[in-house]
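Undergrad: Residues per chain, in single letters:
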Amino acid sequence: MSTAATTGEEVLVVEDLTVSFPTDDGLVQAVRGVSYRLREREILGIVGESGSGKSVTSMAIMGLLPRSARITGSIRFRGQELVGLRESGLNKLRGSKIAMIFQDPMTSLNPVHTVGYQVAEAILAHNDVSKAQARRRAVELLDTVGVPNAGQRVDSYPYELSGGVRQRVVIAIAMANKPDVIIADEPTTALDVTVQAQVLDALRTAQQETGAAMVLITHDLGVVAGQADRVLVMYAGKPVEIGDVEDIYYRPRMPYTLGLLGSVPRLDASRSQRLLPILGSPPSLVNLPAGCPFTPRCPIAQDRCEREEPPLVTVTSHPHRAACHFSQDLAGVRPHDLFTSTSADARTEDHPGRPSAGEPTGEGDLP
Amino acid sequence: MPSTQPEEDHGPRAVRVTPTRGVSARPAGQDREFTVEARSQGRLILRRFLRHKLAVASLVVFVAVVLFAFAGATLWHYSYDQLTPDISAPPSLRHPFGTDSTGIDLMAMVMRGTQRSLEIALFVALAATCVGTVYGAIAGYYRGVSDTLMMRFVDLVLTFPTIAVAAILGAQVGTSAGSWFFIGIILAALTWPIVARVVRGSVLSLREKEFIEAARALGARDRRIIFGHLVPNVMGPVIVSVTILVAAAILSETGLSFIGFGVRPPDTSLGLLVSQAQTAVSTRPWLFYFPGAFIILIVLSINFIGDGLRDAFDPTQTRVRS
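Going down the list, the sequences are from chains A and B.
Numbering follows the numbering used here, with no gaps: position 91 of the first sequence is 91.
Numbering follows the numbering used here, with no gaps: position 77 of the second sequence is 77.
The hints are simulated quantities; they were obtained by calculation from the structure and are not laboratory data.
One or more hints might be untrue.
Straight-line C-alpha distance at most 27 Å; calculated DSSO-like pairs for lysine-lysine [unchecked claim]:
| no. | chain 1 | residue 1 | chain 2 | residue 2 |
| --- | --- | --- | --- | --- |
| 1 | A | 131 | A | 92 |
| 2 | A | 178 | A | 131 |
| 3 | B | 209 | A | 97 |
| 4 | A | 97 | A | 178 |
| 5 | A | 131 | A | 97 |
| 6 | A | 92 | B | 209 |
| 7 | A | 178 | B | 209 |
| 8 | A | 178 | A | 92 |
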């Protein structure tokens, strides 16, 4: 229950969401307490590696998780609780108020229908218009997202189109009913780097045309930097850092975030500067031990980290929060101060003869 | 050709590309210049089907058989129940297929028999396909308990020996004029599980595809997903099973009529003709070979047509047949 004043601009409120799946090995805790608030027209980037619970969170919002999933917590869309909502209620929201863009445009379009039919279908599902009107609108939408020659392409089948154009079609479908929230689940991951930027443009256009808020799920930090207003970093099913884009990129306060940033190739980095891997792999989500799940991979981990899991607490400014016992100590720390490329192959490939003109300390800030 | 290349900044690409399809005399606009003529899906399917030589030949044969049976029967100057003075005559110009021992023109009987066989087969195919597709799609989509119950029922029906059950039920129906229709219903009631199984299998894998999830994310209801997304996607396997069904139905009907439980005299069918001729194979072989040849012709041509249709309808098929 929220008052109208606070829900007025918050379209989507996720509070302490947990999702677990019973398996033969035990309960897989895919999401372990995610909370975020999405305001109108805001773009929230969710980053994290595979298995960190990014997609499961969004599938829970759409109500698309299998029945075996156990969901607790709260997801409210404009004050309406979605957890436990019946299928018929969800169907009214899906596509019309909350739309989703899937990762792979090769598989998220039905191969036996024309793309125009599929866009029109989305329109007809929630609007009382004639088929001719829906088709005309479909052409408009395809044109908006930059499908070349939309008037002809509307009668194409998905297999006749390139991946980039298909993803634009998917975006057109998502924006067909002017939703309030668009959830884009790794919209550029399956695409060539060359078309990623175009698709991101189309996504931005869709977001602006519809005035929707957007959840942009990705593991590409570059995508988030260019698009998002705020960033949520997830690790092992939990948010470990959330804040404005500038905070996360320039003032990260969680070792995992620092590690992610250090592993991104940068044009302005000196040639001798190596990419920094985060050694190890994410923990199994079955029977997670107590303590911070990042402990085994963390360069600054201490005994305390193995005992208690740090809560998400405000660091400096209000919206910037991080889950690390030592977040106060991380002010001004750069990835290179924390992580070193100590893996065996990194050492053998080292070029000691290269002039060390660009030592890490001399580096500029992240883009 | 109109030179529509702009002088200004269209970059090297616009200047470099000369219209290779320039032979067309259409005074194209600037952006029409490079567009490839869009081919409609129908034409693509037709092209792919026409490339399948055996299927095209079979279609020609099948159409010829249908015309022969339905149009031919109205044109031919003998009818299947008309006695002629020529008794047991071998094929001649007067009776191209010969006559039987009561003097009935065999060609007229084959025409009539083909009509009956085709009617039964097409009815069976249509009814069994509709029922089987819907049933299989529902079972595959909902999975779980409903799927288990529905498919165990299918297994049960599949254990019925078709010919025996059809023979018993057919015997109840009797010799009324519309008996071919009842035979059709009986055969359809026994063969739809084949389609249901095929469809369920396809739906089980299709329902996990991302586009189904995407449809659900768009607010599509179950009915819409089943009939709008799943069923169109199983058309390939369904078309194949339809052709198998048609062929199987013709053979079943033939078998039933052969053992005396199918179409009854005075009406006739290909199976009945073959059975009536079994005593005459050595003395009057034409009575046996003409209806038998028609059975083979129909079954084979339908199978090949199905093959061609499957290749043509499958939009994901990229293999080019030479």
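Undergrad: I'd like to know which numbered hints this structure contradicts. Please list them from smallest to largest.
TA: none
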